[in-house]
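Participant: Same order as they appear, the protein sequences are chains Z and H.
Counting from 1 along the first sequence, just add 68 to a position and that's the residue number in the numbering used here.
Counting from 1 along the second sequence, just add 197 to a position and that's the residue number in the numbering used here.
In case anyone wonders, no lab produced these hints; they're calculated from the structure.
Do not take every clue at face value.
Said to hold, decoys possible - Pairs of lysine-lysine, DSBU-like flavour, derived with a Cα cap of 30 Å: (1) Z/Lys148 x H/Lys400; (2) Z/Lys211 x H/Lys416; (3) H/Lys468 x Z/Lys171; (4) Z/Lys148 x Z/Lys163; (5) Z/Lys357 x Z/Lys412; (6) H/Lys327 x H/Lys400; (7) H/Lys400 x Z/Lys163; (8) H/Lys400 x Z/Lys210; (9) H/Lys416 x H/Lys323; (10) Z/Lys148 x Z/Lys92; (11) Z/Lys412 x Z/Lys396; (12) H/Lys468 x Z/Lys148; (13) H/Lys239 x H/Lys257; (14) Z/Lys148 x H/Lys239; (15) Z/Lys163 x H/Lys323; (16) H/Lys323 x Z/Lys148; (17) Z/Lys216 x H/Lys416; (18) H/Lys257 x H/Lys468; (19) Z/Lys171 x Z/Lys211; (20) Z/Lys171 x H/Lys416; (21) Z/Lys365 x H/Lys257; (22) H/Lys400 x Z/Lys92; (23) Z/Lys148 x Z/Lys171; (24) Z/Lys210 x H/Lys416; (25) H/Lys323 x Z/Lys171; (26) H/Lys239 x Z/Lys163.
Stated by the list, open to error - A few chain Z residues facing chain H, derived, Cβ under 10 Å: (27) Glu167; (28) Leu185; (29) Val191; (30) Pro237; (31) Ser241; (32) Met249; (33) Leu359.
Stated by the list, open to error - FRET-style restraints, in silico, Cβ to Cβ: (34) Z/Gly234 x H/Thr370: 56 to 64 Å; (35) Z/Gly234 x H/Ile351: 50 to 58 Å; (36) H/Arg415 x Z/Glu212: 54 to 62 Å; (37) Z/Asp280 x H/Ile337: 51 to 59 Å; (38) Z/Gly234 x H/Asp354: 53 to 61 Å; (39) H/Asp368 x Z/Glu212: 48 to 56 Å; (40) Z/Glu288 x H/Leu300: 55 to 63 Å.
All values reported here derive from a predicted model rather than from experimental measurement.
A virtual CB, placed ideally from N, CA and C, is assigned to each residue, including glycine.
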Amino acid sequence: MTTVIENDQKSGRLEVGTPLLEVKDLHVEFHTRDGVAKAVNGVNYSVAAGETLAVLGESGSGKSVTAQTIMGILDMPPGKVTQGEILYRGQDMLKMGNEERRKIRGQKIAMIFQDALSSLNPVLSVGYQLGEMFRVHQGASKKEAKEKAIELMDRVRIPAARQRVGDYPHQFSGGMRQRIMIAMALSLEPDLIIADEPTTALDVTVQAQVMDLLAELQAEYNMGLILITHDLGVVADVADKIAVMYAGRIVETAPVHELYANPAHPYTKGLLRSIPRLDQKGQELYAIKGLPPNLLKVPTGCAFNPRCDVATDLCRTETPELHHVTDKDGKELTGRRSACHLWKETLHG
Amino acid sequence: MGRFVARRLLQMIPVFLGTTALIFYMVHALPGDPVAAMWGDKAPDPVQLAALRHQMGFDKPLVQQYLDYMGNLLTGDFGTTLAGRPVLDVITEALPVTVRLALLAFTIEIVLGVSIGLFAGLRRGKAFDKGTLVMTLLLISIPVPVLGFIFQTIFADNLKWVTPTVQDSNDITQLMLPAIVLGSLSLAYVARLTRTSIAENIKADYVRTAVAKGLPRRKVIGTHLLRNSMIPVVTFLGTDLGALMGGAIVTEGIFNVKGVGNALFHAINLKEGSTVSGFVAFLVLVYLAAGLIVDLLYAVLDPRIRYA
Numbered sequence: 069m070t071t072v073i074e075n076d077q078k079s080g081r082l083e084v085g086t087p088l089l090e091v092k093d094l095h096v097e098f099h100t101r102d103g104v105a106k107a108v109n110g111v112n113y114s115v116a117a118g119e120t121l122a123v124l125g126e127s128g129s130g131k132s133v134t135a136q137t138i139m140g141i142l143d144m145p146p147g148k149v150t151q152g153e154i155l156y157r158g159q160d161m162l163k164m165g166n167e168e169r170r171k172i173r174g175q176k177i178a179m180i181f182q183d184a185l186s187s188l189n190p191v192l193s194v195g196y197q198l199g200e201m202f203r204v205h206q207g208a209s210k211k212e213a214k215e216k217a218i219e220l221m222d223r224v225r226i227p228a229a230r231q232r233v234g235d236y237p238h239q240f241s242g243g244m245r246q247r248i249m250i251a252m253a254l255s256l257e258p259d260l261i262i263a264d265e266p267t268t269a270l271d272v273t274v275q276a277q278v279m280d281l282l283a284e285l286q287a288e289y290n291m292g293l294i295l296i297t298h299d300l301g302v303v304a305d306v307a308d309k310i311a312v313m314y315a316g317r318i319v320e321t322a323p324v325h326e327l328y329a330n331p332a333h334p335y336t337k338g339l340l341r342s343i344p345r346l347d348q349k350g351q352e353l354y355a356i357k358g359l360p361p362n363l364l365k366v367p368t369g370c371a372f373n374p375r376c377d378v379a380t381d382l383c384r385t386e387t388p389e390l391h392h393v394t395d396k397d398g399k400e401l402t403g404r405r406s407a408c409h410l411w412k413e414t415l416h417g
Numbered sequence: 198m199g200r201f202v203a204r205r206l207l208q209m210i211p212v213f214l215g216t217t218a219l220i221f222y223m224v225h226a227l228p229g230d231p232v233a234a235m236w237g238d239k240a241p242d243p244v245q246l247a248a249l250r251h252q253m254g255f256d257k258p259l260v261q262q263y264l265d266y267m268g269n270l271l272t273g274d275f276g277t278t279l280a281g282r283p284v285l286d287v288i289t290e291a292l293p294v295t296v297r298l299a300l301l302a303f304t305i306e307i308v309l310g311v312s313i314g315l316f317a318g319l320r321r322g323k324a325f326d327k328g329t330l331v332m333t334l335l336l337i338s339i340p341v342p343v344l345g346f347i348f349q350t351i352f353a354d355n356l357k358w359v360t361p362t363v364q365d366s367n368d369i370t371q372l373m374l375p376a377i378v379l380g381s382l383s384l385a386y387v388a389r390l391t392r393t394s395i396a397e398n399i400k401a402d403y404v405r406t407a408v409a410k411g412l413p414r415r416k417v418i419g420t421h422l423l424r425n426s427m428i429p430v431v432t433f434l435g436t437d438l439g440a441l442m443g444g445a446i447v448t449e450g451i452f453n454v455k456g457v458g459n460a461l462f463h464a465i466n467l468k469e470g471s472t473v474s475g476f477v478a479f480l481v482l483v484y485l486a487a488g489l490i491v492d493l494l495y496a497v498l499d500p501r502i503r504y505a
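Please take these sequences and the hints and turn them into a complete structure.
Facilitator: Printed below as a string of structure tokens:
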């Protein structure tokens with residue numbers, strides 16, 4: 069296992085398309101006082117080098133829990149992985165020892181969190197927090213670590229990096245803090261970055277800058293990127309493919325533009341319809357009726373059926389598989405899947 | 198920063214004057230006449246009494262007495278006890294003993310308190326944590342004299358490890374038992390404060406980040422968690438150091454330690470205004486200095502705190 073990683077380290081940049089991560093049939097539960105909350109119920113997705121997967125979903129859809137499970141930072145207990153595999157370059161990380169997993173974290177798979185202010189340690193300088201990556205993982209000296217921290221801050225375009233390396237997180241603006249988080253994730257040139265709502269806490273203008281930076285750096289290193297978001301606008305520009313999650317399941321996957329153009333699941337359709345559009349000015353904005361399900365009591369059948377406009381009796385009794393999707397002529401659409409009994413009607417109707 | 202320290206030092210002046218004046222007045226207000234008490238059970242001779250009172254300045258108005266006292270203090274003259282001994286001698290004799298006792302107790306409460314609190318906080322809800330909560334609650338509930346007697350019974354009478362009371366107040370090993378008793382209450386508070394703080398901060402986002410960075414657990418806890426969790430503990434420790442320096446009257450009494458507490462108690466009994474004031478003046482300074490050090494330590498622990 070270790071030899072595989074070392075070999076890769078020597079070969080430098082990643083080859084585009086190298087499979088990096090594969091999540092297979094992942095189930096995660098939380099044991100709470102009120103019962104068992106099934107947060108993730110059989111999620112499958114994969115990311116290759118140079119590819120961006122956007123995971124889209126409402127709060128509580130299980131998108132962050134999946135990411136935290138991949139990182140190995142899920143609080144266990146109350147969280148518990150009950151089934152499934154997370155393969156990093158073919159190796160199941162769930163079967164690895166703590167030390168082996170720790171060496172992957174930060175070095176091979178890094179994470180960017182939503183709120184950079186609370187995610188950075190308030191009492192340590194950003195230079196220290198950046199440099200720590202090199203000191204811990206590469207045994208760099210204090211001085212080397214500081215130089216590398218400055219270099220990183222330059223790379224994410226923080227002005228006057230050398231002067232600011234000793235500053236503390238509260239002395240930076242929100243956008244700059246998120247840049248520091250990105251720099252930190254990037255520091256050891258990992259294979260894969262998981263960004264959990266990286267722009268949610270930022271102004272719209274800063275959002276665009278941060279997303280552009282992330283996309284640019286990803287392209288430079290050919291990293292894989294998992295972008296977790298509930299913002300359809302953020303996704304459109306940067307993602308290659310999208311996985312839409314609902315109640316701990318993936319309900320639709322598709323290449324990004326196909327999903328926008330022609331969704332194959334009523335939930336996705338509803339999400340797209342609820343985006344405000346200029347040409348609909350003055351009209352009432354569509355909203356999906358109802359609320360996301362209580363994870364302690366997910367509805368039987370398709371979890372979306374109580375909110376769905378087209379639900380049938382079948383939807384209320386039988387949980388739909390993630391079907392392969394075909395075009396009108398019956399030809400399979402690559403990369404497209406939908407967990408809806410009525411995908412045909414949704415897609416072609 | 199420099200301005201902050203300067204201002205804090207200037208603030209000490211009115212605090213110092215206020216506390217000493219208050220103590221001076223309170224000692225004066227105690228019932229009984231210290232000069233008449235020198236005759237013991239016999240009736241004092243009025244002429245001699247008046248002469249002594251005049252000689253000691255007790256016939257002057259209280260305000261005048263205070264001003265005289267403060268004036269002398271400025272020249273380093275702490276006055277004399279009723280028996281004629283310079284008060285400064287009494288202080289310099291008792292102080293090293295108390296400093297030793299206090300630092301010993303302080304070390305015990307920091308080292309044990311923080312480690313116990315850390316482990317309990319990391320294992321919140323587990324057996325060790327519950328045990329800690331029960332033990333600390335016990336320590337907090339037991340009055341110091343009772344705890345002192347329990348320790349004397351166990352370690353001196355039964356185990357015979359030490360003598361029940363301190364024979365030589367300058368011997369550190371003999372001060373161990375009183376230091377443990379003295380530090381036990383604060384130890385319980387430190388352990389609880391640390392535990393709560395750790396249990397709270399371990400859920401913080403930056404701790405999650407530290408884990409996600411692939412740092413070893415030792416570093417996550419030592420560098421990221423512990424430092425953030427120490428802020429409330431340091432606040433408590435700062436005020437506690439001041440309290441330990443002056444507040445060991447009971448413990449010093451139980452174990453016969455010839456420290457500040459003992460001397461102060463003795464002086465209060467004899468209504469020796471100048472001795473009591475001298476000690477209190479000194480303790481006020483210690484307390485204020487400890488407070489200042491704590492405030493400065495905040496900035497070291499938490500860069501978000503600024504001094505202006």
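Participant: Evaluate each hint against the coordinates.
Facilitator: Quick rundown of the hints versus the structure:
no.: 1; hint: Z/Lys148 x H/Lys400; result: holds (17 Å)
no.: 2; hint: Z/Lys211 x H/Lys416; result: holds (19 Å)
no.: 3; hint: H/Lys468 x Z/Lys171; result: violated (70 Å)
no.: 4; hint: Z/Lys148 x Z/Lys163; result: holds (14 Å)
no.: 5; hint: Z/Lys357 x Z/Lys412; result: holds (23 Å)
no.: 6; hint: H/Lys327 x H/Lys400; result: holds (19 Å)
no.: 7; hint: H/Lys400 x Z/Lys163; result: holds (25 Å)
no.: 8; hint: H/Lys400 x Z/Lys210; result: holds (28 Å)
no.: 9; hint: H/Lys416 x H/Lys323; result: holds (23 Å)
no.: 10; hint: Z/Lys148 x Z/Lys92; result: holds (16 Å)
no.: 11; hint: Z/Lys412 x Z/Lys396; result: holds (9 Å)
no.: 12; hint: H/Lys468 x Z/Lys148; result: violated (69 Å)
no.: 13; hint: H/Lys239 x H/Lys257; result: holds (25 Å)
no.: 14; hint: Z/Lys148 x H/Lys239; result: violated (85 Å)
no.: 15; hint: Z/Lys163 x H/Lys323; result: holds (26 Å)
no.: 16; hint: H/Lys323 x Z/Lys148; result: holds (19 Å)
no.: 17; hint: Z/Lys216 x H/Lys416; result: holds (20 Å)
no.: 18; hint: H/Lys257 x H/Lys468; result: holds (17 Å)
no.: 19; hint: Z/Lys171 x Z/Lys211; result: holds (23 Å)
no.: 20; hint: Z/Lys171 x H/Lys416; result: holds (14 Å)
no.: 21; hint: Z/Lys365 x H/Lys257; result: violated (85 Å)
no.: 22; hint: H/Lys400 x Z/Lys92; result: holds (28 Å)
no.: 23; hint: Z/Lys148 x Z/Lys171; result: holds (22 Å)
no.: 24; hint: Z/Lys210 x H/Lys416; result: holds (15 Å)
no.: 25; hint: H/Lys323 x Z/Lys171; result: holds (29 Å)
no.: 26; hint: H/Lys239 x Z/Lys163; result: violated (91 Å)
no.: 27; hint: Glu167; result: holds (9 Å)
no.: 28; hint: Leu185; result: holds (9 Å)
no.: 29; hint: Val191; result: holds (5 Å)
no.: 30; hint: Pro237; result: holds (9 Å)
no.: 31; hint: Ser241; result: violated (16 Å)
no.: 32; hint: Met249; result: holds (8 Å)
no.: 33; hint: Leu359; result: violated (26 Å)
no.: 34; hint: Z/Gly234 x H/Thr370: 56 to 64 Å; result: violated (46 Å)
no.: 35; hint: Z/Gly234 x H/Ile351: 50 to 58 Å; result: holds (53 Å)
no.: 36; hint: H/Arg415 x Z/Glu212: 54 to 62 Å; result: violated (22 Å)
no.: 37; hint: Z/Asp280 x H/Ile337: 51 to 59 Å; result: holds (57 Å)
no.: 38; hint: Z/Gly234 x H/Asp354: 53 to 61 Å; result: holds (59 Å)
no.: 39; hint: H/Asp368 x Z/Glu212: 48 to 56 Å; result: holds (51 Å)
no.: 40; hint: Z/Glu288 x H/Leu300: 55 to 63 Å; result: holds (57 Å)
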